[in-house]
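Visitor: Construct the complete structure from the given sequences, taking the supplied hints into account.
The lines below spell out each chain.
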Amino acid sequence: MKPFQSIAVGYDGSHDATVAARWAMEAAKDFGAVVTIVHATGLREHLHQQFVADVTPPELIALAQECAFDESGLHWLVANGDACSVLLRMASPPINADMLVVGSRGEGKREGLLLGSTSLEVAEHASVPVVVVPSSYVEN
Amino acid sequence: MVLVVNETFDDSSHEDAGHPERPDRLVAARTAIDDLHLDEDLVVVPAHSATREELVRVHIGNYLDELSAYCYSGGGDIDQDTYATLNSFTIAKYAAGSGLAVIDELQRRNDGVGFVAARPPGHHALADRAMGFCLLNNVAVAAAALRSQGERVLIVDWDVHHGNGTQQIFWDVPEVLYVSTHQWPLFPGTGSVNEVGGRHATDRTVNIPLPPGATGDIVRRGIDEMAGPVIDAFDPTWVLVSAGFDAHREDPMADLRLTSGDFALMARGVSDYAPQPGRLVMFLEGGYDLDALRSSIHASLSAALGQTYDGESPSNGGPGTEQIERMRQARRSTIELLHTSDDEESTR
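Taken in order, these protein sequences are the chains called E and W.
Okay, so the first sequence: first residue is 1 according to this note's numbering, each after it adds one.
Okay, so the second sequence: first residue is 141 according to this note's numbering, each after it adds one.
FYI, nobody ran anything at the bench for these hints, they're computed from the structure.
Here the structure is a predicted model, which is why all the values come from computation and not from measurement.
Treat the hints with care, since some could be wrong.
Unchecked claim - Now the in silico label distances, taken between C-beta atoms and shown as ranges: (1) E:Gln50 - W:Val184: 40 to 46 Å; (2) E:Ala62 - W:Ser152: 43 to 49 Å; (3) E:Leu47 - W:Ser152: 21 to 27 Å.
What the hints assert, rightly or not - Chain E stretches covered by chain W per the calculated footprint, using a threshold of three residues with CB under 8 Å from any CB of chain W: (4) 31 to 44; (5) 80 to 90; (6) 116 to 129.
Claimed, not checked - A few chain W positions that, by computed beta-carbon distances, are all more than 12 Å from chain E: (7) Gln247; (8) Asn250; (9) Arg287; (10) Pro454; (11) Gly457; (12) Arg468; (13) Leu478; (14) Glu485.
Note that the Cβ used here is the ideal one computed from N, Cα and C, for glycine as well.
Guide: Structural data, given as structure tokens:
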């Protein structure tokens with residue numbers, strides 16, 4: 001099987017997203033892939049912008065150093081849309097991601113429902129393999 | 141001319157503390173209607189809860205089941221923007237059904253203008269997914285019902301955000317023409333000029349993306365020059381408007397610079413596309429500054445009813461003029477390319 005070359009990770013600054021980004025960087029080292037970390041700018045974020053397009057968040061740079069992941073292979077992207085749509089779009093040009101990575105969130109009472117779960121929505125609609133990283137990944 | 145509006149339904153429990161899409165928006169809309177002082181020329185039709193049959197014309201049954209289960213299990217955040225509460229599915233069905241009730245009354249009268257004052261809004265809702273504050277696609281449910289009656293439906297979407305849900309639902313449907321003016325780039329990230337419709341409906345989607353700061357003169361010019369000829373050729377039998385008012389310069393959710401006077405001119409413009417009285421319905425979408433929302437609805441309805449509007453003057457002088465011709469050419473090139481590839485495929 002052809003190794004993965006381009007991995008896209010959804011990122012919203014949460015613990016779960018950071019865990020997913022860590023997994024993606026470690027996997028990318030094995031595959032020799034580039035990693036695009038993408039933040040979806042939602043409708044309400046116009047009121048309070050959380051991330052800037054041209055500035056990779058310092059915590060991600062620190063994470064790359066911690067993982068010994070070559071920063072030249074790390075790309076930061078801010079895109080308009082909901083988290084699911086934006087991540088799905090990463091599988092198309094110009095990013096052409098061949099793997100999507102997303103953090104997992106416990107949804108207790110809504111187990112089995114797609115609604116409210118970005119990871120399940122992405123897995124349902126994606127055209128490339130999707131990895132859902134459990135929030136306990138680092139600890140384990 | 142009469143104004144046909146839906147009866148108020150209790151939307152108070154579809155609320156999330158601090159969220160901009162809130163019940164006060166409908167209070168502002170009702171105030172705008174009251175300010176028209178229409179007396180017996182105001183016709184209020186009973187609210188209607190959309191049936192499953194009416195909803196599955198645009199939404200996938202599994203999604204309706206999921207949304208229903210999600211709400212009845214207590215709701216919560218669906219994504220970073222969109223919430224649902226215990227009663228949201230019930231309320232959303234009333235929002236989606238209200239357009240159908242207004243249309244029924246307009247058909248009965250063959251006269252008047254319709255306005256659907258309902259929330260949650262709808263134009264971001266996809267066939268199988270909620271997003272952007274929207275649960276069910278209200279304008280799409282109405283357009284699909286009209287289509288099932290053999291009508292040709294023009295949807296003009298002047299909300300500041302692209303109506304990705306409506307575009308997706310009618311992407312390959314030749315009986316529905318979707319025209320959108322919106323700020324670009326902005327949520328939801330769709331609405332490029334190169335998105336022109338599916339293989340069976342090429343030219344049935346017209347996107348007019350506008351730069352931040354664009355004023356009303358640019359929006360109107362975009363509609364006239366880019367969409368006008370397409371609309372004329374389409375010859376709609378009904379005109380539905382996704383009437384968001386967040387392109388107003390006071391709205392906090394975007395950066396266009398329109399005034400309520402611009403909405404009056406735009407409403408008059410879309411009225412001209414309706415083939416006869418009783419064939420124009422406006423659906424409330426966005427609009428989050430309550431004063432701007434009230435004045436803009438008032439302006440739009442005044443103009444659509446043929447009244448004089450003497451509030452805010454129309455705006456002009458913003459950026460974007462030079463883009464219109466470029467967008468027109470880009471759109472034409474995309475359509476030619478699609479036709480060429482279709483021709484090549486058919487000769488293979």
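Visitor: Taking each numbered hint in turn, which are not upheld by the structure, reported in ascending numerical order?
Guide: none
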